[in-house]
Amino acid sequence: AQSVTQLDSQVPVFEEAPVELRCNYSSSVSVYLFWYVQYPNQGLQLLLKYLSGSTLVKGINGFEAEFNKSQTSFHLRKPSVHISDTAEYFCAVISGNTGKLIFGQGTTLQVKP
Amino acid sequence: GAVVSQHPSWVICKSGTSVKIECRSLDFQATTMFWYRQFPKQSLMLMATSNEGSKATYEQGVEKDKFLINHASLTLSTLTVTSAHPEDSSFYICSARDEGPTNLKQYFGPGTRLTVT
Chain A
1 AQSVTQLDSQ
11 VPVFEEAPVE
21 LRCNYSSSVS
31 VYLFWYVQYP
41 NQGLQLLLKY
51 LSGSTLVKGI
61 NGFEAEFNKS
71 QTSFHLRKPS
81 VHISDTAEYF
91 CAVISGNTGK
101 LIFGQGTTLQ
111 VKP
Chain B
114 GAVVSQHPSW
124 VICKSGTSVK
134 IECRSLDFQA
144 TTMFWYRQFP
154 KQSLMLMATS
164 NEGSKATYEQ
174 GVEKDKFLIN
184 HASLTLSTLT
194 VTSAHPEDSS
204 FYICSARDEG
214 PTNLKQYFGP
224 GTRLTVT
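Chains A and B are the protein sequences, given in the same order. Sequential numbering from 1 applies to the first sequence in my numbering. Sequential numbering from 114 applies to the second sequence in my numbering.
Chain B on its own, in the form it takes in the complex (with noise of 0.2 Å):
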C-alpha cells in the first residue's frame, strides 16, 4: 500500500528555536496533505490542511505563524514549528490523500515526536 514517511521520527530541542518536520509521499503524488497533533493518550486533532502551491488552512485555535506549513510538491509537505515552547511538545503526525476517483485513501505518516526542553 501506500506509504507516507516522516523526519524526523524524533526531535528535542531548545526553547525558542525552531524545528522543520518533513512528510513525503512515496509512492503517490498527494495535491492534499493534512498535519495533526496528538498529546499523550489523547485523540488526533486537525490542526491544517495542506494543499499544494496553495498556502494552507488551519483550524480554530491553531497559529498560523507558529506553525508554517510548506506544500512545495506533490510528494513533500512540511511543518515548522517557530520559536518552539515545551507547550508545543506533542507528537505530530502527517496524513496524505491519494486522490484517486472516489477513493478517499488517507495514509499517515508514523508520527514525530518532539520535545522541547
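Next up, chain A with everything else stripped away, as it sits in the complex (with noise of 0.2 Å):
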C-alpha cells in the first residue's frame, strides 16, 4: 500500500531564510508525486508534481522538489521564503496501481517577520 510521511508537522523560519520541508513514501510500484499548498480558509492550489523525466521539479512561488528514488524522498524547498508563504504544505502519492492521491499529515509552515 501506498503512503506518505511528513516528517515535520510544524517548521518556523524566519523570513528571506531557506526552508525545507520533507517528505518521504513508500509505494512498490511507480509514483506520481505532488506537493500542494493550503492557505488560511482556502482550497488546495498545486504548487508543483513529479511523473517522470528530470528529478528536479521546479513550481510555482519559487518553489522546487526533487524525487529521489533511493531515498523514496520528495523533499519541498525555497531558498527565501516570504510572510505570504506561511500556510499547509501537503505532500501526496499516487501509485501507478491505485490511481488514488493519498496525502501526508501535513507540515504548517510558519513564516517569521
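If you're looking for bench data, these hints aren't it; they were derived computationally from the structure. Please note: incorrect hints may appear among the correct ones.
[To be verified] Coverage of chain A stretches by chain B, computed from C-beta distances (three or more under 8 Å per stretch; other residues unrestricted): (1) 37-44; (2) 98-106.
[Claimed, not checked] Subject to a maximum C-alpha distance of 20 Å in a straight line, what follows is the list of computed SDA-like cross-link-like pairs (lysine to any residue): (3) A:LYS58 <-> B:LYS218; (4) B:LYS154 <-> A:ALA87; (5) B:LYS127 <-> B:ASP211; (6) A:LYS69 <-> A:SER52; (7) A:LYS49 <-> B:ASN164; (8) B:LYS218 <-> A:LEU7; (9) B:LYS133 <-> B:ASN164; (10) B:LYS154 <-> A:SER52; (11) B:LYS154 <-> A:THR5; (12) B:LYS218 <-> A:GLY59; (13) A:LYS69 <-> A:SER3; (14) A:LYS49 <-> B:SER202; (15) A:LYS100 <-> B:ASP211; (16) A:LYS49 <-> A:GLY99; (17) A:LYS49 <-> B:LYS179; (18) B:LYS154 <-> A:LYS58; (19) B:LYS154 <-> A:VAL111; (20) B:LYS154 <-> A:ASP8; (21) B:LYS179 <-> B:PHE152; (22) B:LYS154 <-> A:LEU7; (23) A:LYS100 <-> B:THR230; (24) A:LYS100 <-> B:SER202; (25) B:LYS179 <-> B:GLU200; (26) A:LYS100 <-> B:GLN155.
A virtual CB, placed ideally from N, CA and C, is assigned to each residue, including glycine.
Combine both chains into one complex, guided by the hints.
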C-alpha cells in the first residue's frame, strides 16, 4: 500500500531564510508525487508535481522539489521565504496501481518577520 | 486553470437530518471525482472515489450507507451525509480529475464546512 510521511508537523522560519519541508513515500510500484499548499480558509492549490523525467521539479511561487528514488523522498525547498508563504503544505502521492491521491499529514510553515 | 466548485461552502444542520453537498467541474469533464474529509489541523483523508455512471468506491472504514455518493454526470458529483451526527462535523473537500493524456491533473474544490448540532 502506498503512504506518505511528512516528518515535520511545524516548521518555523524567519523571512528570507531558506526552507526545506520533508516528505517520504512508500510504494512498491511507480509513483507520481505532488506538493499542494493550503492557505487559511482556502482550497488546495498545486505547487508542483513529479510524473517522470528530470528529478528536479520547479513549481510556482519559487518552490522546487527533488525526487530521490533511492531515498524514497520528495523534499520541498525554497531558497528565500516570504511572510505570504505561511500556510499548510501537503505532500501527496499517486501510485501506478491505485490511481488514488493520498496525502501526508501536512506541515505548517510559519514564516516570521 | 480548471475550476471545481462546491455548494454550499458551509452548512449547519441538526442531528438526525441529511445534508447534500454538490461538487461541479466547471470547465472540464471529470469521469472521476474524489471526496475527502479534513478534520481541523489534520490531513485530507480519502473517503471515496466517484465514477460517472457507476457506484462509488469507498475507502476502508467509510460507511457507504451514511455517505451517499452520486456521480450523475461528467460535471457533477454529490455527497449526502445521512442522519448526520455531531461527529460528522468536518470539512469536506471534493476533487475532480482531468483525464487528459498523461495528465493526472486533479483539481480541488474550496471545501464545505459541515457543522452538526
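Hints, one by one, checked against the model:
no.	hint	in the structure
1	37-44	holds (count 3)
2	98-106	holds (count 8)
3	A:LYS58 <-> B:LYS218	holds (16 Å)
4	B:LYS154 <-> A:ALA87	holds (11 Å)
5	B:LYS127 <-> B:ASP211	violated (36 Å)
6	A:LYS69 <-> A:SER52	holds (11 Å)
7	A:LYS49 <-> B:ASN164	violated (24 Å)
8	B:LYS218 <-> A:LEU7	violated (26 Å)
9	B:LYS133 <-> B:ASN164	holds (18 Å)
10	B:LYS154 <-> A:SER52	violated (31 Å)
11	B:LYS154 <-> A:THR5	holds (16 Å)
12	B:LYS218 <-> A:GLY59	holds (14 Å)
13	A:LYS69 <-> A:SER3	holds (15 Å)
14	A:LYS49 <-> B:SER202	violated (31 Å)
15	A:LYS100 <-> B:ASP211	holds (13 Å)
16	A:LYS49 <-> A:GLY99	holds (15 Å)
17	A:LYS49 <-> B:LYS179	violated (34 Å)
18	B:LYS154 <-> A:LYS58	violated (27 Å)
19	B:LYS154 <-> A:VAL111	holds (17 Å)
20	B:LYS154 <-> A:ASP8	holds (13 Å)
21	B:LYS179 <-> B:PHE152	holds (18 Å)
22	B:LYS154 <-> A:LEU7	holds (15 Å)
23	A:LYS100 <-> B:THR230	violated (32 Å)
24	A:LYS100 <-> B:SER202	violated (24 Å)
25	B:LYS179 <-> B:GLU200	holds (12 Å)
26	A:LYS100 <-> B:GLN155	holds (19 Å)
In summary, the structure is inconsistent with hints 5, 7, 8, 10, 14, 17, 18, 23 and 24 from the numbered list given earlier, while agreeing with the others.
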